[in-house]
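Just need the whole structure built from these sequences, with the hints factored in.
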Amino acid sequence: MAKLHKAFENTLRLQIMSVLIANPQYDFNAFKDVLEVTDGNLASHLRNLEKNNFIEVIKSFKGRKPLTQYRASPKGKAAFEEHLRALEKIIKMQQ
Amino acid sequence: MNTAEKDLAQIKALMERSTRFISLSGLSGVFAGLYALIGASLAYYWVYYPNSPFGYRQVYINNTVVLQKLLITAAVIFILSIATGLYFTWRKNRRTRGKLWNYASKRFLAGLALPLATGGVFIFALVLRDNLLMVASTSLIFYGLALVNAAQYTLGDIKYLGICEIVLGLVSAFIPGYGLIFWALGFGVLHIVYGVVMYLKYDG
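Heads up: the protein sequence lines correspond to chains A and B, in order.
Just so you know, the first sequence maps onto residues 87 to 181 in the working numbering.
Just so you know, the second sequence maps onto residues 9 to 212 in the working numbering.
Just so you know, the hints here were simulated from the structure itself, not pulled from any lab data.
Remember, it's a predicted structure, so these values are computed and weren't measured experimentally.
One or more of the hints may lead you astray.
To be verified - Partner residues are not named here, just some residues of chain B that face chain A (Cβ under 7 Å, in silico):
id : residue
1  : ALA12
2  : GLU13
3  : ASP15
4  : ILE19
5  : LEU22
6  : MET23
7  : THR27
Stated by the list, open to error - A few chain A residues that don't get close to chain B, going by computed Cβ distances all over 12 Å:
id : residue
8  : ALA108
9  : SER130
10 : LEU132
11 : ASN134
12 : PRO152
Cβ coordinates follow ideal geometry from the N, Cα and C atoms, glycine included.
Structure below.
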């Protein structure tokens, strides 16, 4: 039985995960552009997802600037898919 | 709409909005530009030589052999550019481990396809009707429109390349005797400049 995941109750975390499912990896500034959120808000939710082991952080350098990229982990992908199935089920039951 | 439906709609919209076709390498542009310049030099030797290409004149390609050579050269440049583009995209993609045939690349190609196909058929009609004077400007304009149209699915800079191509094409339409020069500027020089800028900005 698919159930809604607690981590995705927050809209921003659900949005972050959606982006990471659709893209192999995504960097911090690109997140800021597409989600239109503040640095602090974004960073705290990214940290939460990282703590849940739903996303992996890849730190590297682009020229001399540090570049932090994020990637969905297998565990995160599975949780997201389960969350989607649960959402679909809720919609079906309401119809 | 209830919360679950809203969530799903939002997820779908975000997945589409967040994907960009970013694997296009700047090197593809540099090579496409080089092919175009080589092709334009060949065309110059067949059509203008020994006159300077800068002299204003009406085109008189009344020689079927020359026309065939030009069309074949254009086709070879087109195929070589696409093949080189595919190669560099594939190579860059392998490094970043992205999926080549994804939602964004499909939308990018679909965005290019309609204006390019329209322009291609229109140019075919021009050639058939012996309206060769307008071929260079027409190809620049439709190519530019295709780039602007597809720009929303890739790194935004390509829009500016598209706008430059359209402007060149429009200017060229008013002084059609310089078609080859404008063609070389648009498909040769602009591609190389764009390719170098993209390479330094994203690939380096």
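Going down the list of hints, with the structure as the test:
{"no.": "1", "hint": "ALA12", "in the structure": "holds, 4 Å"}
{"no.": "2", "hint": "GLU13", "in the structure": "holds, 6 Å"}
{"no.": "3", "hint": "ASP15", "in the structure": "holds, 6 Å"}
{"no.": "4", "hint": "ILE19", "in the structure": "holds, 4 Å"}
{"no.": "5", "hint": "LEU22", "in the structure": "holds, 5 Å"}
{"no.": "6", "hint": "MET23", "in the structure": "holds, 4 Å"}
{"no.": "7", "hint": "THR27", "in the structure": "holds, 5 Å"}
{"no.": "8", "hint": "ALA108", "in the structure": "violated, 4 Å"}
{"no.": "9", "hint": "SER130", "in the structure": "holds, 19 Å"}
{"no.": "10", "hint": "LEU132", "in the structure": "holds, 15 Å"}
{"no.": "11", "hint": "ASN134", "in the structure": "holds, 18 Å"}
{"no.": "12", "hint": "PRO152", "in the structure": "holds, 16 Å"}
The structure fails hint 8 only (numbered hints given earlier).
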